[in-house]
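Participant: Sequence:
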Amino acid sequence: MYTSPTRPYFSKTRRRVSGEVRMYIAVFIQPFTWSFYTASVFIGIAAAVLWTAQGNCLTINSDEHTIGRNSGIFWALLQSSLFFGNLYIYFAWQGKTQISEGDRRTVFIALTVISLVGTVLFFLIRKPDSENILGEDESSDDQDVEVNEPAQNNMTKAVDAFKKSLKLCVTKEMLLLSITTAYTGLELTFFSGVYGTCIGAVNTFGTEEKSLIGLSGIFIGIGEILGGSLFGLLSKNNRFGRNPVVLLGILVHFVAFYLIFLNMPADAPIAPLEGTDSSAYIKPSKEVAIFCSLLLGLGDSCFNTQLLSILGFLYSEDSAPAFAVFKFVQSICAAVAFFYSNYLLLHWQLLLMVIFGFFGTVSFFTVEWEAAAVVARGSDYRSI
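Residue 1 is where the sequence shown starts when you use the UniProt record's numbering, and the numbers rise one by one after that.
Worth flagging that the hints you see were computed from the coordinates, not collected in a lab.
Pair ranges (Cβ atoms, derived):
{"no.": "1", "residue 1": "Glu317", "residue 2": "Tyr88", "range": "41 to 47 Å"}
{"no.": "2", "residue 1": "Ala335", "residue 2": "Leu251", "range": "23 to 29 Å"}
{"no.": "3", "residue 1": "Gln30", "residue 2": "Arg126", "range": "34 to 40 Å"}
{"no.": "4", "residue 1": "Leu345", "residue 2": "Phe122", "range": "42 to 48 Å"}
Calculated cross-link-like contacts (lysine-lysine; reagent style DSSO-like; alpha-carbon spacing at most 30 Å):
{"no.": "5", "residue 1": "Lys127", "residue 2": "Lys164"}
{"no.": "6", "residue 1": "Lys127", "residue 2": "Lys163"}
{"no.": "7", "residue 1": "Lys127", "residue 2": "Lys327"}
{"no.": "8", "residue 1": "Lys327", "residue 2": "Lys164"}
{"no.": "9", "residue 1": "Lys163", "residue 2": "Lys327"}
{"no.": "10", "residue 1": "Lys172", "residue 2": "Lys327"}
{"no.": "11", "residue 1": "Lys127", "residue 2": "Lys167"}
{"no.": "12", "residue 1": "Lys167", "residue 2": "Lys327"}
Beta carbons are placed, not taken as given, at the ideal position from N, Cα and C, and that holds for glycine.
Let the sequences and hints guide you as you build the complete structure.
Facilitator: Right, dumping it as structure tokens:
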């Protein structure tokens, strides 16, 4: 039985880094400049390890028939925070033009407590039976060898995982999937940061412009949950693979980008604190803005659930390096998008996402088709 050397390492590490996540949330209870930037560094490190660990955990608790379903369920549960969090903010802060210190502390104390509960739940994650691990074959002889192998220390395992990630970066499949992953990083920044800023900057929306940001987050969450749940439930009966879901995702996003292009002023992302009175191609509509939020969330769930699924399927024997590369590329592109979002007009940002979205979809199709061809020949799916 082949056992990834990174599995024990990440099972322990994901519990440790959750403490850094709690620290980052707690900083906002009484924020200081130095503590905010320090905690931001730690949350970046923690997020990288947590995402790699959760991808690894998802893979080893799935098989080739359940990886798609489990990816969808995981994504729906993850994105439910967008719905419930923004729902609270929308009603609790409705009509307020200034957020008081008490309001802020209430929110972040609650979030800190929730993160503590989440950390406790980490300890309840089960250790899967070896026969249920995706990509592993039963072998009693291999099990005996595994027991007799000397235990590696955590640093050695981390270094090994890092080396494997570097080698994995230059493989054909990962290079192709990196284009798709890069697109998810760009659109992640757009729907999580830029689009809400655009809505809040449009003075045409009147006094509701700030509360619309929360409402936008609610509908992004609804789209994410809807997509994750739907694709998770349908994955077992999907005879056409992952490509139709990705195709749906890019079409949904293209429709959203076009409507945003028509509905939002071009200078909305870089508008001053007072907002913008610039006109768009149509009169800015609240309903269209919120509908676009739903589409952004739905399209994002299409891409991310299928990327999680194909990574867990292709690299089932040692998934941690694959998910590390996935998160690295996504985070780099998200950071780049946050940088240029302060300088580029809206239509240029939309154009960049359209270009990356198109080529990312084509590259995903290529990997999925090649994988399907290998399976059809009766070869090992992971050998491509």
